[in-house]
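Enquirer: Sequence:
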Amino acid sequence: MGVESLSIDSKEKKLIVSGDIDPVKVVCKLRKLCQTEIVSIGPLKDEKKDSTNTNEFIPLQHFGTYPFYYQMTPPQYFQNYYYV
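Mapping the sequence shown onto the working numbering, position 71 (from 1) lands on 71, and the numbers just tick up by one.
FYI, nobody ran anything at the bench for these hints, they're computed from the structure.
You may find that some hints are simply not true.
Result set (BS3-like, lysine-lysine): computed pairs, CA atoms no more than 27 Å apart in a straight line [to be verified]:
1) Lys14 - Lys25
2) Lys25 - Lys45
3) Lys11 - Lys45
4) Lys25 - Lys11
5) Lys13 - Lys32
6) Lys32 - Lys14
Using the sequences plus the hints, can you model the full thing?
Expert: Here's what the structure looks like:
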């Protein structure tokens with residue numbers, strides 16, 4: 001639901017909105033900015049795309065991380081010294 005795509009044709013001064021949205025609400029919002037009118041309403045034209053999907057293996061990259069740093073207590077102090 002909602003707007004799927006939005007395109008502007010500057011030569012013909014048209015704004016093309018496609019998706020599952022109420023066109024009257026879009027026009028009401030745009031009328032606050034400029035003169036707006038609905039030219040046409042219809043289903044989205046399906047464009048056939050060539051499916052040239054090649055199954056290429058893309059290896060995952062492994063990034064090394066820094067080791068954890070543990071704060072060591074000095075040996076001359078006992079453990080409860082730092083918690084007081």
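Enquirer: None of the hints should be skipped; say for each whether it holds.
Expert: Evaluation of the provided hints:
no. : hint          : in the structure
1   : Lys14 - Lys25 : holds, 17 Å
2   : Lys25 - Lys45 : holds, 22 Å
3   : Lys11 - Lys45 : holds, 21 Å
4   : Lys25 - Lys11 : holds, 25 Å
5   : Lys13 - Lys32 : holds, 17 Å
6   : Lys32 - Lys14 : holds, 17 Å
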